[in-house]
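There are 2 protein chains.
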Amino acid sequence: MKIICEQSKLMSGINIVLKAVPSKTTMEILDCIKIKVQGGTISLIGNDMALGIETVVEGEIVDEGTIVVNAKTFSDIIRNLPDEEIVLDADNLKLIIRCEKIIFDIPIRNASDYPELPTIDRKKSAVMSQLTLKNMIRQTVFSISADNEAMKIMTGELLEIKGKKLRLVALDGHRISLRNVELTEEFGDVKVIVPGKTLNELVKILSGELEDKVTIFFSENHVMFEIKDTVVISRLIEGEYYLVDRMLSGDYETKIKINKKRMSECIERASLLIKDNDKKPLIFNYTEDMVDVKIRTQVGYYEDKIDIEKEGNDILIAFSPKFLLDALKVIDDEEIEIYMMNVKSPCIIKDNNETYMYLILPVNFNMD
Amino acid sequence: MKIICEQSKLMSGINIVLKAVPSKTTMEILDCIKIKVQGGTISLIGNDMALGIETVVEGEIVDEGTIVVNAKTFSDIIRNLPDEEIVLDADNLKLIIRCEKIIFDIPIRNASDYPELPTIDRKKSAVMSQLTLKNMIRQTVFSISADNEAMKIMTGELLEIKGKKLRLVALDGHRISLRNVELTEEFGDVKVIVPGKTLNELVKILSGELEDKVTIFFSENHVMFEIKDTVVISRLIEGEYYLVDRMLSGDYETKIKINKKRMSECIERASLLIKDNDKKPLIFNYTEDMVDVKIRTQVGYYEDKIDIEKEGNDILIAFSPKFLLDALKVIDDEEIEIYMMNVKSPCIIKDNNETYMYLILPVNFNMD
Numbered sequence: 006m007k008i009i010c011e012q013s014k015l016m017s018g019i020n021i022v023l024k025a026v027p028s029k030t031t032m033e034i035l036d037c038i039k040i041k042v043q044g045g046t047i048s049l050i051g052n053d054m055a056l057g058i059e060t061v062v063e064g065e066i067v068d069e070g071t072i073v074v075n076a077k078t079f080s081d082i083i084r085n086l087p088d089e090e091i092v093l094d095a096d097n098l099k100l101i102i103r104c105e106k107i108i109f110d111i112p113i114r115n116a117s118d119y120p121e122l123p124t125i126d127r128k129k130s131a132v133m134s135q136l137t138l139k140n141m142i143r144q145t146v147f148s149i150s151a152d153n154e155a156m157k158i159m160t161g162e163l164l165e166i167k168g169k170k171l172r173l174v175a176l177d178g179h180r181i182s183l184r185n186v187e188l189t190e191e192f193g194d195v196k197v198i199v200p201g202k203t204l205n206e207l208v209k210i211l212s213g214e215l216e217d218k219v220t221i222f223f224s225e226n227h228v229m230f231e232i233k234d235t236v237v238i239s240r241l242i243e244g245e246y247y248l249v250d251r252m253l254s255g256d257y258e259t260k261i262k263i264n265k266k267r268m269s270e271c272i273e274r275a276s277l278l279i280k281d282n283d284k285k286p287l288i289f290n291y292t293e294d295m296v297d298v299k300i301r302t303q304v305g306y307y308e309d310k311i312d313i314e315k316e317g318n319d320i321l322i323a324f325s326p327k328f329l330l331d332a333l334k335v336i337d338d339e340e341i342e343i344y345m346m347n348v349k350s351p352c353i354i355k356d357n358n359e360t361y362m363y364l365i366l367p368v369n370f371n372m373d
Numbered sequence: 006m007k008i009i010c011e012q013s014k015l016m017s018g019i020n021i022v023l024k025a026v027p028s029k030t031t032m033e034i035l036d037c038i039k040i041k042v043q044g045g046t047i048s049l050i051g052n053d054m055a056l057g058i059e060t061v062v063e064g065e066i067v068d069e070g071t072i073v074v075n076a077k078t079f080s081d082i083i084r085n086l087p088d089e090e091i092v093l094d095a096d097n098l099k100l101i102i103r104c105e106k107i108i109f110d111i112p113i114r115n116a117s118d119y120p121e122l123p124t125i126d127r128k129k130s131a132v133m134s135q136l137t138l139k140n141m142i143r144q145t146v147f148s149i150s151a152d153n154e155a156m157k158i159m160t161g162e163l164l165e166i167k168g169k170k171l172r173l174v175a176l177d178g179h180r181i182s183l184r185n186v187e188l189t190e191e192f193g194d195v196k197v198i199v200p201g202k203t204l205n206e207l208v209k210i211l212s213g214e215l216e217d218k219v220t221i222f223f224s225e226n227h228v229m230f231e232i233k234d235t236v237v238i239s240r241l242i243e244g245e246y247y248l249v250d251r252m253l254s255g256d257y258e259t260k261i262k263i264n265k266k267r268m269s270e271c272i273e274r275a276s277l278l279i280k281d282n283d284k285k286p287l288i289f290n291y292t293e294d295m296v297d298v299k300i301r302t303q304v305g306y307y308e309d310k311i312d313i314e315k316e317g318n319d320i321l322i323a324f325s326p327k328f329l330l331d332a333l334k335v336i337d338d339e340e341i342e343i344y345m346m347n348v349k350s351p352c353i354i355k356d357n358n359e360t361y362m363y364l365i366l367p368v369n370f371n372m373d
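Sequences listed follow chains A and B, in order.
Each residue of the first sequence is one higher than the one before, counting from 6 in our numbering.
Each residue of the second sequence is one higher than the one before, counting from 6 in our numbering.
The shape of chain A in the complex, shown without the other chains (with noise of 0.2 Å):
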């Protein structure tokens, strides 16, 4: 194998695929990046089992080949190269890698030994914006489950076609976080829980252009997402996702306005008397035309009172700060609406649309 390419483009290539080498593993291959040059095209990979992503880098061919070389040992290489030309040339022991006066060399892997990554059916797919999927799954994968093993299905997030909607959705156990968004076309159905280790690894790699397009090509076990140059390749987690419609009913006896900035900004503080696991809950006492909130830890007292617009009964009821500033931080709007149906029930935080819904389960608290 032999080729020629630009440090920065060899670079940006490298950056995509390294997303999904383990940081982590006991399958010493898998630390590896595979450089695929066959058929006239340069593709590196990069595959930690569960999550595959290829791309393909613009370079100049003297020699096919695959080779297998450490993530890590080559990427420190190449980003600290001058952005010119690098030869890489590779023989059956070691990579030579040169630019201007530079060489470096490194041992290669056997290629045979590198998982393959699994063929896709190209049949079922979708397409959207990248930016709307990225903002879609930044705005609800901060509340799936982290490394369920009893509920593996939290640990991914529903991605759900009907029509022309798709809804993400996340749930934890406390609560669920839920986007909507109307596609330019149809799709038809489709209903996968994709896991949110590849959703997160995904929004790095999506474009923040409204115009760049993503396709979704669905299979029995597998999704893929084709971006550019880049396919994304993920397991579909097993299993029946939960029925949050039932969770998320329209009924309320308290609907509050506030503004979000001033909203944040006070949770925000109370949070500084929580220590580390500390579970204190903050207290809000939604009356006419403000709500009074209180927490008391062992680190000290606070209290702050913020104007809101109400309709319904005044309620007393308390939150987790965590949760509830989670779901604020996705927000753009610069007022919310909160509605509440008593102090055991959740509070949905949603749009008129409901283009966004949070669901938010209250704690127990104390007056003292």
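Treat the hints loosely; a few may be bogus.
If chains are identical, the list can't say which one is meant, so a pair holds when it fits in one copy or spans any two.
Below, computed lysine-lysine pairings styled on PhoX-like, alpha-carbon distance capped at 20 Å [said to hold, decoys possible]:
#: 1; residue 1: K128; residue 2: K284
#: 2; residue 1: K334; residue 2: K262
#: 3; residue 1: K129; residue 2: K334
#: 4; residue 1: K129; residue 2: K266
#: 5; residue 1: K106; residue 2: K310
#: 6; residue 1: K106; residue 2: K265
Keep in mind that the hints were calculated from the coordinates and are not lab data.
Based on the hints, put chain B in the right spot on chain A.
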């Protein structure tokens, strides 16, 4: 005690004294900041017993008094308040912090438990530019020895004034870093060893302005730096400093001139092949108008060539990449001159006026 301060001014003061609050300590009271309102002045004090900082904060005094509060809690709260007027109001049990509609209260500690800062005799002193001192420390302090119980002297820097000449020296057994500067007037002779920790914190407080002055007061066991409204008081390290002049003699067999940026980048790339505690040498082959740089480690092989100007003998010599890089990073010259005697003797990087001198011991190597 009751005072009213602007948030930004209070926070600036807190940020300064926090540098003397130990991150870990067995004496719980040292986790605190002392707020001393006395004689019409509001002072904040931090003290880790070796290093103490006191700074004056502008504000309105309603009632004088002295309290001690947990540094982390207090600074976290003030940092997160709006930039408005803050009222600090203490009784015997707690400090109440008010800002707009926000109220915090946190417990206070017994002020008499907090150790007093030592009183420093103001007889012997020197005045210099804050920028000059800041640069000189930054350009030497990296080569002190970290936490060396056996060689306590190496954990500090020599600060020596002789007539108008000030010099700072740091060494760790493998290298010596030295900076000289001419002061604007004579301040008498001084020779003290200042702890590295003090210098590292001082660098963060000194301004980057040439016109701003710092006054240094020297007493038997302490040194005090007076910077506008702030004093930094530090214990000195006892003992006789090493006689470095004889180690920095002017003899050499080879003198080379090289581009600093080119050499730094070359050494940084070589460092990519060095894992954790690997002590692999970087081999320099200085010939007529070129230096050939090579390293082989378990990660791979690297070579590069850099143009040089040479006087004297060819030389093949090896160094630890880190020690060379540390020195190159703090030299501002575009072209540097390196003086070498033989393969066993240290190299010295210095300018013509000896405003800086960096001595680095070579390491053994095998050619393969």
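Consistency of the hints with the structure:
1. Taking the closest pair of Cα atoms, K128 and K284 never come within 20 Å of each other, the shortest separation being 49 Å inside a single copy and 56 Å across copies.
2. In this assembly of identical chains, the alpha carbons of K334 and K262 lie at most 20 Å apart only when taken from the same copy (17 Å versus 55 Å across copies).
3. Taking CA atoms no more than 20 Å apart as the test, K129 paired with K334 passes in neither setting, with 34 Å inside one copy and 56 Å between copies.
4. With identical chains, the CA atoms of K129 and K266 are never at most 20 Å apart, being 42 Å at best within one copy and 54 Å at best between copies.
5. For the identical chains of this complex, K106 and K310 are inter-copy neighbours only, at 6 Å across copies versus 66 Å inside a copy, given an alpha-carbon limit of 20 Å.
6. When the C-alpha separation of K106 and K265 is checked against a cutoff of 20 Å, the pair qualifies only between copies, where the shortest distance is 17 Å, while the shortest distance within a copy is 57 Å.
Violation of the numbered hints given earlier is confined to hints 1, 3 and 4; the remaining hints are satisfied by the structure.
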